[in-house]
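J.: Each residue of the sequence shown is one higher than the last, beginning at 2 in our numbering.
Please note that a few of the clues may not be correct.
Okay, derived cross-link-like pairs now, DSBU-like style, lysine-lysine, Cα gap no bigger than 35 Å in a straight line [said to hold, decoys possible]:
no., residue 1, residue 2
1, K386, K452
2, K346, K143
3, K143, K62
4, K285, K143
5, K285, K368
6, K62, K390
7, K470, K62
8, K27, K217
9, K288, K27
10, K241, K346
11, K456, K27
12, K470, K143
13, K249, K285
14, K249, K190
15, K127, K223
16, K62, K121
17, K386, K346
18, K241, K217
19, K368, K223
20, K285, K390
21, K121, K143
22, K386, K440
Don't read these hints as lab results, they were simulated from the structure.
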Amino acid sequence: MNFRPQNLLFHSFSFLWMLGTAFSAKPNVVFIMADDLGWADTTLYGHTALYETPNLERLAKRGMLFERAYTSSPLCSPTRSAVLTGLHPARTGLTAPTCHLVGEPILRPSLKINTPAHHKLLTLTKVNRLDTEYPNMAKTLKQAGYHTAHFGKWHLGRSPFTALDHGFDVDIPNWYGPGPAGSYVAPWKFPDFKEAYPGEHIEDRMADEIDTYLEKRAADQKPFYLNYWQFSVHGPFNAKADYIESYKDKIDPDDAQNSPTYAAMVKSLDDNVGRVLDQLDELKLSKNTLIFFYSDNGGNMYSQVDGTTPTSNRPLRGGKGNNWDGGVRVPCIAVWPGHIEEESKSKELVTSTDFYPTILDLLGIQKNEEQTFDGLSIRPALEGKPMDKRYIFTYFPHATKVPDTFPNSAAVYDDEWKLIRLLHNAPNGDHEHWLFHLKKDIGERNEVSKKYPKKVAELGRELDQFLAKTGAIYPTPNPNYNPDHASTLKPKKTYSAAQFKKVDKNQDGFITLKEYIGNPKG
Numbered sequence: 002m003n004f005r006p007q008n009l010l011f012h013s014f015s016f017l018w019m020l021g022t023a024f025s026a027k028p029n030v031v032f033i034m035a036d037d038l039g040w041a042d043t044t045l046y047g048h049t050a051l052y053e054t055p056n057l058e059r060l061a062k063r064g065m066l067f068e069r070a071y072t073s074s075p076l077c078s079p080t081r082s083a084v085l086t087g088l089h090p091a092r093t094g095l096t097a098p099t100c101h102l103v104g105e106p107i108l109r110p111s112l113k114i115n116t117p118a119h120h121k122l123l124t125l126t127k128v129n130r131l132d133t134e135y136p137n138m139a140k141t142l143k144q145a146g147y148h149t150a151h152f153g154k155w156h157l158g159r160s161p162f163t164a165l166d167h168g169f170d171v172d173i174p175n176w177y178g179p180g181p182a183g184s185y186v187a188p189w190k191f192p193d194f195k196e197a198y199p200g201e202h203i204e205d206r207m208a209d210e211i212d213t214y215l216e217k218r219a220a221d222q223k224p225f226y227l228n229y230w231q232f233s234v235h236g237p238f239n240a241k242a243d244y245i246e247s248y249k250d251k252i253d254p255d256d257a258q259n260s261p262t263y264a265a266m267v268k269s270l271d272d273n274v275g276r277v278l279d280q281l282d283e284l285k286l287s288k289n290t291l292i293f294f295y296s297d298n299g300g301n302m303y304s305q306v307d308g309t310t311p312t313s314n315r316p317l318r319g320g321k322g323n324n325w326d327g328g329v330r331v332p333c334i335a336v337w338p339g340h341i342e343e344e345s346k347s348k349e350l351v352t353s354t355d356f357y358p359t360i361l362d363l364l365g366i367q368k369n370e371e372q373t374f375d376g377l378s379i380r381p382a383l384e385g386k387p388m389d390k391r392y393i394f395t396y397f398p399h400a401t402k403v404p405d406t407f408p409n410s411a412a413v414y415d416d417e418w419k420l421i422r423l424l425h426n427a428p429n430g431d432h433e434h435w436l437f438h439l440k441k442d443i444g445e446r447n448e449v450s451k452k453y454p455k456k457v458a459e460l461g462r463e464l465d466q467f468l469a470k471t472g473a474i475y476p477t478p479n480p481n482y483n484p485d486h487a488s489t490l491k492p493k494k495t496y497s498a499a500q501f502k503k504v505d506k507n508q509d510g511f512i513t514l515k516e517y518i519g520n521p522k523g
């Protein structure tokens, strides 16, 4: 075909017009966040023989799989706050999963000057609500013309600190608790949200609600930001009976992942990721929708189900509730057709505070001038480019009695290096530091601080700057500490394993577990 210059000019303008029309429709955003799903709890990284996650694999094939994604905290509420605000828990002070508790709202942390004498360090008054004064992703996107909806777990505060109070137009089931009310399988105990039929699974219901929501958005053609923050796979540990039964014959007793109930919970999680993808496809919304999949912390290795622990994060060390990699390294996927290469992978470091600035960058939305981000846009990584050198941080200034853990810690990552700081834990009251090279030692068994003192000093300075920049309030030596007082404390009541199953009513597994750890048979 022969083109005359005027035809070429016409075709050029036509192409530019069509391109402009295609990009004038604002992209939708879907953020799927699992609860307590560990890095080894999916088939994405090749570290499970039991769990089945074909829909997560399907999602990953549509975009980029991050191999080194971390959370800013090893527990849920702090990570959720970081995703929503782009602010590190060290800055907000929301460092513990306390947002469901009854009582006066505490929006800023403080040191307890009257900490009992048997504590070496002053403990913190814990923040128990996410302050609505913080700018967040929902508010920003709503101002930019987006409809905003939250489905599933919230755990950032009771009214007046619900998702609706934080800028979401829709909040279903509008629940403040750390897990689903009562059970995953109906009957539930949500005060204002009832099952549609006997035995309904909460994740199936969330997918139904999302189906209805997406149909409305497709009809009104308004861009949307949708949170699907799954209840799965947090406690209470129960699942569809037929799913549990199907996994019983697949259990390898020599594998640390050996709970059929937990495997069934992972399957329901994956099923409903697939349901959301199917609906986006059916409504022809997928091509213009940016999707992130993430988890709020590592897998739970310390509660009890089926006579075992829910899961194992092996080969990583530790799990939910501590700053070993098992507690903070998680699965992460990013999908945006035409912008993020299909079936791609990235080894760049990613953390909770990155999502908000990244989404604004990708959508071309400016943050408020006075707004602070502790994360940064990972757009270069999403475009397959190397990112500038950076450090990321995890933070947990509390003590728990879960096995193989340490009190009051922070950590800094520099590529494959990781420095853990135990706050004021040295015999002389100074900070104690442990250094690991994760590429050579993924299980964090070979502590090398004495071999690389310069690296310890470098990362220690970065950690100092981070804590100062964020204004972190962290435990300091207790001036009233008296080691003799510790020896006079009454021992915790202990339980047999059978008794423990009866008394473990705390969904996060920490309150009664403190008692259980004191049992030699435990």
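J.: Identify every previously stated hint that the structure contradicts and give their numbers, smallest first.
T.: 7, 11, 13, 15, 16, 20 and 21
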